[in-house]
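Given chain G's structure and the hints, the job is docking chain L onto it.
2 protein chains.
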Amino acid sequence: MAKQKKQPRPKAETPKGFRDYFGPEVTERAEMLQQIARVYHLYGFEALESSAVETVEALGKFLPDVDRPNEGVFAWQEDSEGDKPGDWLALRYDLTAPLARVYAQHRNDLPTPYRRYAMGPVWRNEKPGPGRFRQFYQCDADTVGAPSVAADAEICAMLSDTLEQVGIPRGDYIVRVNNRKVLNGVLEVMGLEEGEQRDAVLRTIDKFDKVGEEGVRELLGKGRLDASGAYIDGVGLSDDQAGPVLTFLTAKKTHPSMTLGVLRNAVGHSVVGQEGVQELETIAELLAAQGYGPDRVEIDPSVVRGLGYYTGPVFEAELTFEIFDEKGRKRQFGSVAGGGRYDDLVKRFTGQAVPATGVSIGVDRLLAALREKGRIGGAVEGPVVVTVMDRDRMADYQDMVGELRRAGIRAEVYLGNPKNFGNQMKYADRRGSPIAVIEGGDEKERGVVQIKDLILGAKIAENATLEEWKERPSQFEVPRAQLVEKVREILDGQGS
Amino acid sequence: MAKQKKQPRPKAETPKGFRDYFGPEVTERAEMLQQIARVYHLYGFEALESSAVETVEALGKFLPDVDRPNEGVFAWQEDSEGDKPGDWLALRYDLTAPLARVYAQHRNDLPTPYRRYAMGPVWRNEKPGPGRFRQFYQCDADTVGAPSVAADAEICAMLSDTLEQVGIPRGDYIVRVNNRKVLNGVLEVMGLEEGEQRDAVLRTIDKFDKVGEEGVRELLGKGRLDASGAYIDGVGLSDDQAGPVLTFLTAKKTHPSMTLGVLRNAVGHSVVGQEGVQELETIAELLAAQGYGPDRVEIDPSVVRGLGYYTGPVFEAELTFEIFDEKGRKRQFGSVAGGGRYDDLVKRFTGQAVPATGVSIGVDRLLAALREKGRIGGAVEGPVVVTVMDRDRMADYQDMVGELRRAGIRAEVYLGNPKNFGNQMKYADRRGSPIAVIEGGDEKERGVVQIKDLILGAKIAENATLEEWKERPSQFEVPRAQLVEKVREILDGQGS
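Which chain is which? The protein sequence lines are G and L, in order. Quick note, the first sequence lines up with residues 2 to 497 if you use my numbering. Quick note, the second sequence lines up with residues 2 to 497 if you use my numbering.
Be careful, since some hints might not be right.
Intra- or inter-copy, both count: the list cannot distinguish identical chains.
Said to hold, decoys possible - Cross-link-like lysine-lysine pairs, in silico, DSS-like; alpha carbons within 25 angstroms at most:
id	residue 1	residue 2
1	K348	K12
2	K331	K374
3	K348	K420
4	K12	K85
5	K328	K211
6	K211	K427
7	K85	K128
8	K331	K208
9	K128	K328
10	K85	K17
11	K348	K487
12	K374	K254
13	K374	K223
Just so you know, the hints here were simulated from the structure itself, not pulled from any lab data. All figures in this text were calculated on a predicted structure; none of them were measured in a lab.
Looking at chain G on its own, in the form it has when it is part of the complex:
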């Protein structure tokens, strides 16, 4: 004890960029993940949970987000064993890299194609910002070993079903599809071979979301003065050269067949480009045949997120309803999921290219969207609180909550110091309790309990007239034997 006094007290703080989640924040997320898992399961996907820790070697560096190239992982070195230095381990930064490792490791025991879903936290060792945390949830579904674009189409259909399942109504979202191969065709037609300039074009395209058509035109050409006043050097293409890229990015027309026509034109004789257009057409046809028309899934070449990372079709789910941003301006809610085909990921391990396609849902963004829509985050469902009037009769009070719980009603005895009754009511208030139950010595003698309707009580306190107050009292007495029945009645009334 003497030793402890000398040490300064540890700070009770989450590490920078991490946070705690309380009550409904946890349960609402868990419920949403369950709903998503139900859809994935219906589509034949199997759950996979890999460990949070991987070797740095296995993780590699395959982050899709080219915006953040300096992004790191949390890593540490294992203790050495004898002369052998310890492995470097790290927390996973996404669920795709572990999938590649799992598939390479267990491929002889897994079915082909292997459809798996995974959900859980991932970690990024980056500078935290407002609303940006270093641990967050992802929820992925991928099909490994399916070369056909039918697998991509299915992912899009499943994504659409998933959004509706969790509570985003049709019309409030759109799944947009693009194809890296079409872009490759355009670049080929432009005469841009693989290399530095091509990579620079890819990086520029990725900024289309932020800087728009004009911005991309400038960045493909001489350069551009950005919002901060800094001058960003351009790729150095002529206007003529940049033209096809802009045609590609803005190819979306009102009807899919028109969009495909523009793209077919843009890729000219490029074989890979034609293949890409054909893939988009097949995806659109397959989806249309199942009733997933352009109201749910559409071809849109302006989808650029991850276009440099994926090797074929690319998808993004966007929520189209409007919200007010922090400055009070209206804007669309935006992206909540993204994915695509990446045929090279397992190759790192095995040398063999294995076709794979999948989607990742941004769990926290989707939760925020559901809160915006009022689908979750309603009334907090606190427990019925049985107050303690006489601490020697704890067994009586425990008996009451026992009865309530057996009837499926969330309930608890106040377990703090019962001396101050006001504290008990404050506690009930803080917990969002709908009802408090009171049984003092007098009530006990008469075989009754007092039931306090806290929701009604709060309403009355707020704005009731004296008549209303009298007419419908928020506290009344019932025989002890009717406790459960009466509580149930009030809860049912409160819910309506």
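Same frame as chain G, but now just chain L:
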């Protein structure tokens, strides 16, 4: 690309001591955790999810398991910022240390008492062994700020309800309760003050599970030859001195009042000891009043796990049914949960002692027990597989799975290379599919589909007579329009 070729391929391996969980291993655990959360919620507990990462400073060193004092955490140092060296961060090793940090950090915003539950992985940087992993799940419930033993009694009742809820029948488990204060009283009566010898006695008692009464007697005295042939030095007490400790450990009698009588005797005039006995009596009374008799919760001073860590009541849930161990010997399944009162944990941060009591369920042990009881791990529920006979008619096949899914039937189109039909059937087999659907050109023309009952087919292949084979064919033709109806019918039949 040229660069990659030069690098050796990374090994596709989980880090040592970690593992992957597939399909039912994941979903069965998730379902069990949901069931547990439902009970905790009913008892008024709120979910809490803290981050996996804590500062090493906040985590401290409070592992309850004195058996493994060298146990470590996975830790790393943050990058320094300017002159300031980076914080040391670590993965949490349990859910109790983070609770202490969370409560200290947010205590002004949390209700008192604060009832919270938490579930999730924890990490231990220790030598992995067979069946012992460096990442595993825990599921905890704790009440912080409740000084009364009514809170301890409630945890015991809840633990009992939880075990029954997940599928352990009454009679197959027992929640055993002990109290550190009673032991303290015994040690006081023996004249053992706090200090080295007392700590040695505590460590010895912790071995009671392994070495039994005689072993503890020897270890409290001169010492003992252990199974490996090594001589373990004893604490050096005389037989007379050791007596009360052994009386305490073996105090359990057939009736709680008798057990309490023995304990009351053993603590003599020790105030803390008497208080401890009184607490046990109150717990037993409160539980009995609610119907939790000695068939579910019993007072048993031989519960020693963590007795050195907790400060008051200690509980352990043991499964009493017998299993065969790896050597074919019968033994009781053993402990699946433990907990107790620890009134000093928050004090590290705030300087104030805050009473707290709680329980931690060993999720993987409990899952193993449910598998033993045949409560989980039954038939794998694979998807209906629609085979691809004509790859140009993918839309037709997608249509079928769409219909099936809308009827709530798990289904998928085969998305591998469809050339070899045998591979498609092998895939269905590997997935545990109950049914395969076949529609070739001929069937398409005639407006029918072939339905293959794979479960029945397997049975027939195994042991049917020719008559049975003819009588109940495992493959038949139905009109395309009756696909869903017929599949449902077969599934219902298979389930029965």
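The hints, checked one at a time:
In the homo-oligomer, the alpha carbons of K348 and K12 lie at most 25 angstroms apart only across protomers (12 angstroms), although the nearest pairing inside one protomer, at 46 angstroms, exceeds that limit. For the homomeric pair K331 and K374, the shortest alpha-carbon distance inside one copy (15 angstroms) is at most 25 angstroms, but the shortest distance between copies (57 angstroms) is not. Taking CA atoms no more than 25 angstroms apart as the test, K348 paired with K420 passes between copies only; the shortest distance there is 24 angstroms, against 68 angstroms inside one copy. In this homomeric assembly, K12 and K85 come within 25 angstroms of each other (Cα to Cα) only across copies, at 17 angstroms, whereas the closest approach inside a single copy is 37 angstroms.
In this assembly of identical chains, K328 and K211 lie within 25 angstroms of each other by CA distance solely inside one copy; the values are 18 angstroms within and 65 angstroms between copies. Taking identical chains as interchangeable, the C-alpha atoms of K211 and K427 are never at most 25 angstroms apart, the minima being 49 angstroms within one chain and 48 angstroms between chains. In this assembly of identical chains, K85 and K128 lie within 25 angstroms of each other by CA distance solely across copies; the values are 16 angstroms between and 33 angstroms within a copy. Within a single copy, K331 and K208 get their C-alpha atoms as close as 22 angstroms, which meets the 25 angstroms cut-off; across copies the closest is 66 angstroms, which misses it.
Taking CA atoms no more than 25 angstroms apart as the test, K128 paired with K328 passes inside one copy only; the shortest distance there is 23 angstroms, against 53 angstroms between copies. In the homo-oligomer, the alpha carbons of K85 and K17 lie at most 25 angstroms apart only across protomers (14 angstroms), although the nearest pairing inside one protomer, at 34 angstroms, exceeds that limit. Taking the shortest Cα distances, K348 and K487 never come within 25 angstroms of each other, neither inside one copy (65 angstroms) nor across copies (42 angstroms). Within a single copy, K374 and K254 get their C-alpha atoms no closer than 29 angstroms, and across copies no closer than 60 angstroms, so neither meets the 25 angstroms cut-off.
Within a single copy, K374 and K223 get their C-alpha atoms no closer than 44 angstroms, and across copies no closer than 72 angstroms, so neither meets the 25 angstroms cut-off.
In terms of the numbered hints stated before, the structure departs from hints 6, 11, 12, 13, listed from lowest to highest.
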